[in-house]
Structures are given as structure tokens and as C-alpha cells.
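Protein sequence lines correspond, in order, to chains A and B. Counting along the first sequence from 1, when you hit position 70 you're at 70 in our numbering, and nothing is skipped either side. Counting along the second sequence from 1, when you hit position 252 you're at 605 in our numbering, and nothing is skipped either side.
Hints are computed from structural coordinates only; laboratory data are not their basis. Watch out, some of these pointers could steer you wrong.
[Said to hold, decoys possible] Derived list of chain B stretches under chain A, where covered just means 3 residues or more per stretch with a C-beta under 8 Å from a C-beta of chain A: (1) 513 to 522; (2) 533 to 545.
[To be verified] Distance ranges between label pairs, derived from CB positions: (3) A:Gly134 - B:Ala368: 29 to 37 Å; (4) B:Ala373 - A:Asp141: 38 to 46 Å; (5) B:Leu542 - A:Ala172: 25 to 33 Å; (6) A:Gln142 - B:Ala443: 34 to 42 Å; (7) B:Ala447 - A:Ala245: 54 to 62 Å; (8) A:Ala172 - B:Leu376: 43 to 51 Å; (9) A:Ala172 - B:Ala612: 33 to 41 Å; (10) B:Phe607 - A:Asp22: 28 to 36 Å; (11) B:Ala612 - A:Ala175: 44 to 52 Å; (12) B:Pro456 - A:Ala175: 43 to 51 Å; (13) A:Gly134 - B:Ala612: 33 to 41 Å.
Treat the numbers as computed from the prediction; the structure is a model and nothing was measured. C-beta: ideal position from N, C-alpha, C; glycine also.
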Amino acid sequence: MSAFEGHGAAVRIEDCGKTFADGTRALEAATLDIARGETLVLLGPSGCGKTTMLRIIAGLELPDDGGKVLFDGNDMTSVPIERRNVGMVFQSYALFPNMSVAENIGYGLKIRGVSKGERAARVAELVSLTNITGLENRRIDQLSGGQRQRVALARAVAIRPGILLLDEPLTALDAALRDRLRGELNRLLRSLGITTIYVTHDQAEAMELGDRIVVMRKGAIAQIGTPRDIYFTPRNRFVAEFIGAANIIECPVENGQLVLAGGRQPIRSGVNLAIAVAMIRPETIEIVEAGAAPLSGVVESVSFTGDRLRIAVVGVSDRPLNVDAPNNVKVAPGERVGLRVAPKAVRLLPLED
Amino acid sequence: MSNKSFVWSCLLPLAVVTAAFFLLPMARLVITGAGGPQGFSGYLAILVEPRYRATLVNTVLLAAATTVVTLLVATIAGMFLQRHRFPGRAVLVAMLTFPLAFPGVVVGFMIILLAGRQGLIGDLSARLFGEKLVFAYSIYGLFFGYLYFSIPRVILTIMAAVQKLDIGLEEAARSLGASPWAVQRDVVLPALAPAFVASGAIAFATAMGAFGTAFTLATNIDVLPMLIYTEFTLAANFATAAALSVGLGVITWFILMLARSFSGSAVAAAG
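Work out the full structure, taking the sequences as your base and the hints as a guide.
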């Protein structure tokens, strides 16, 4: 974990669970280490407990008894948020409507008793860092969504926090702006090198921004790993389906081959199983001449998405198989095709629910 | 009929009502006010004549005190009631709005029962200190009466405003290091400013002009509505009564304008 040479605080949460007053269990007791300077993404569908975990780290929620939050080894569990020195960006941005852009950014410094001159200098620095020069004296209701997002980020970073916490900071924006700001945010986080915890339900965001991703489901951690780990070696069916597109096939395995209606597909290990759950990513399937591969099926539909073709093939397994092919492949619905899949591209997942 | 003339014809009833029930009586009132022996300088008498001036100052001070104390009590109570859930909360909120159902006469009667000669407070103080505390028939009694019916209105407005308050704003301020006091000062109170102005204006205008309570408590309390009443019915001094009425309206309107422009930046910012 010491591969990160950034600054800020290292975070450890120990046995942190959360049960709300009405008895709802929002988070199962979880333990997690976040290295100094690392960007950790909490990823999952709504209601998975990711925001609760963020709020526990922030100090906006207390963990259930026995849970502990440590910053650089110091127990912060009972320290309120105002004394944790965390920078936080909210989904709604929560910018103060009674203050100008500059006053918003400088608020944390003002509270800390930083002199006016020093404050102005720091605000100017952040305004240029987040590309909002010229907006300093605007009122908040005169800003666009993207500009508000930048002000919120500048305000959170202005206090030189030990940890930066971002709660779905791009969700409120439209798709095109979101993509652009994602790249910008990534560069900014890298250049700051500060410990960052980022909550999102968008897997593309998680992939691009995270050093590591924590995939969460129903209040529990489903898997922790680098974006590559999570994508290539998902530990269970939920992670496989939540991250990227995946064909999930249930079938028997004989002598290291998936037994399918469309043929037999070799896998890496030579096991025999009465029933197995296998994952094949759409981009690992190659369309070849019928008969040139062990698997074959009939093209049901072809959709052109510009950079590639998304092809649905029936007759291979009980559900249509999705294939991502290069955009120069010539296939038509109704055509019989062969499907070539490398044995290592087939991943067996544990049987569950 | 063109679209435009249709719209104008729809506005006709409004124009008639405005003219009949607002413009004409107002104009008549202004003219009557100038119809005394002094002509238009009868208006000046409101400010120059010591008795009128003292009453005017009294009334404004009473209304201002009512507004300030109402806002103070209602803000704290409203915020608590909106932010906390406890058994009996719904009943309590319903009970708090109960005074809205009473006319000023009943409120005045209740103040007499509380602080009058046979009142609860008098009995209690007589037993404790040997002296009967009676303040129902004075401007203090009136003050409590106004508080009684101003607080519910203001609490309801404040509660609605608190409900709309983004809790994220407070959390953001705290994350930046603001203490609970600083959060109230820098975030919560500025966000509630429009509600303060709106509900404070109602409290102020009510306290300036309410008549029923004052009339029930005593006829010799020096507030403008009582003065208008005595000039009009007892002294049959139409001109002065009209001039005082116009003065009451103008002064109330002027102070409300002042409050609005004073908090104008806050209102616009919270827009």
C-alpha cells in the first residue's frame, strides 16, 4: 500500500457498520484501509451503503458501537466533522447562496482565521486551478451546473484537507459535460495527490478515477481491487454484471469444456461440474466463419454504435450472447456464424443466489 | 375579438373591483383627511401635535417589539419542531396554530383572564409577594395579546422555510470547520431571511393596525387604531380620523418597504 507517494492522511475504518434509528441496516461491519494519496472509489447501486460509508469517514454519521475511524492512526471516531479537516463535495454542491463564488471558496479559510490577503491569494490560486477565472464575484444562482461543480471542488480543496470526500460530484450534470469534467477531475486529483474517497454509481467514472474500487452491494463490500482486477477477475456474478457488460452463462462443464447448445467451449481448467456460472466479456468473442470455431450460433440483431458493432447471437446458450465486434465485420441478421473465445477469457464464477 | 382585447376584457372585473373598493375609498379618505379646518396641513398635525406623535411612536415601538420577540420565539420553536420528531409533535403543532382561530376580542379576553384584576398572574403574585400584578389593561397586555396571535403565523412560515433548507448546506459549512454557532450565523439565518421578512411583515402590520384586542383591554391605551376610533366616534372629528388612518397606512407601508430593501440582497441571493 505504500506505493502512493501523495500527501494527506491515511484512512482506516475498522468494523464500521451502521444501523439507523428505525432499524434499517445500511452498512454491514466493514474494515478498509486507504493509503495516503490514494483515490478510492466506492461503487454500487443506490442503497448499497456507499454514501453511508463516506458519511462515517466524514464524521456526519457515527458508526455502530465497536466501529472505529482512524486518520493516520489517530482515532477520529468521536471527533465531529468540523475538526476532522476533511474537504467534502456534495451531490447537490451545497454552495452557500448568500455568498459570492470567492466568498464560498474562502469560507473555510475565513472560519480558520486566515488573513484577508492570504485568503484572496489562495482563492485566486484555486480559481485558476479549477478554470473559473472571472467568476469570482458572481452569485451562485448565476452559475451553470459545471461551474457550480468546480466552485464546490475549489471550496473543499481550499482548506488543504487531509482527505477529500466526493459524493457523486458529477451525477447532477448532463452526459457530455460529465465525460469532459471526469477527465478534468482526474487530472486535478492526480496533481493534488491528496487522499480521495469518491462515491459513485457510475462504473465508467469509477474505472477512470479510482486507484482502487470498492464494489458494494446491499450494505456489504462485494469486492475490492484495482479497476483491472474488478473488470477481468470479478469475484462474483454481481460484480461481473455491474462492471461493464458481461455474458453470464449457466451450463454444465465436462472435461474443462462448457457444454452449450451451440457447441463446446474450452476453459482453462479441466474440471467437471454439473452446473457452473461462466462469464464471457462481449469484446473477447470473435466472429469467424461458421465451422471455424467450436461454438456457433445465428445472428439475431446487429447494432452499429460507431466505434463497433454490438451483435446478439442466439442458439449458443439459453440467452442471446452479446458480442462486441470491430465496426468493419460484415454480418447480417439470420446469418450463421462461428464464435471464437480464448479459454482464458472464460471466467467461472461461484454459484450463488 | 383579438387576443389582446380578450386579455384586457378579462382584466375588466379586476379594474372595477380595484376602483370601487380600493382607489375610490382611498382617494375619499385622503380628501376627507384634508377637509378639516387646517386643510392638508391636518396631515402634518399627526407628527406635530404632541398627543398624536406620542401615540404614533408608541404604536410603532409596540409593533416593532412584537415583531422582534415573535421572530425570536418562533424561529427557535419552528426550527426545533421541524428538525425533531417526538411523540405528540403533530398535536403540539396543531395546538400552536389554534390562536389563528380567535378574533382579537377573544384574545383580549384571554389576556384579561390571565393578567387582569381577577387574573391568574394577579392571584399567583398576590400569594407569593402579597401584591397583585395586573398589566392586562396596559400596553404590556396588548403586547402579550399580539405575541399570542403573531407567533403561530410566524412559526408556520419558519417551519416551511426550514423544511426547504438544504441540510447539505449546514453539513458543507461544518466540513469547512464552522462551529454550530457559525453555521447558524453564516448559513441558516441568511437562508431564512426571506421567511423572516415575509412573516415579520405580517406580524408588524397586524400589531400596527389590530383593533379588537386593544378595544377589549381598555379604551385608554395609546395606540393609533384606538386614537382613530376615539377621534371618529367620540369626537366626531372626521378629518383627523381620516388623516390618522392615511398616516397609519403610509407609515406601516414605509417601514415594510424599508425592511424589504434592507434584506433585499439576502432575499435575492436565496432566490
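How the hints compare with the structure:
no.: 1; hint: 513 to 522; in the structure: holds (count 3)
no.: 2; hint: 533 to 545; in the structure: holds (count 5)
no.: 3; hint: A:Gly134 - B:Ala368: 29 to 37 Å; in the structure: violated (48 Å)
no.: 4; hint: B:Ala373 - A:Asp141: 38 to 46 Å; in the structure: holds (41 Å)
no.: 5; hint: B:Leu542 - A:Ala172: 25 to 33 Å; in the structure: holds (26 Å)
no.: 6; hint: A:Gln142 - B:Ala443: 34 to 42 Å; in the structure: holds (40 Å)
no.: 7; hint: B:Ala447 - A:Ala245: 54 to 62 Å; in the structure: holds (55 Å)
no.: 8; hint: A:Ala172 - B:Leu376: 43 to 51 Å; in the structure: holds (49 Å)
no.: 9; hint: A:Ala172 - B:Ala612: 33 to 41 Å; in the structure: holds (35 Å)
no.: 10; hint: B:Phe607 - A:Asp22: 28 to 36 Å; in the structure: violated (51 Å)
no.: 11; hint: B:Ala612 - A:Ala175: 44 to 52 Å; in the structure: holds (45 Å)
no.: 12; hint: B:Pro456 - A:Ala175: 43 to 51 Å; in the structure: violated (59 Å)
no.: 13; hint: A:Gly134 - B:Ala612: 33 to 41 Å; in the structure: holds (35 Å)
The structure does not agree with the numbered hints 3, 10 and 12 stated previously, though it agrees with the rest.
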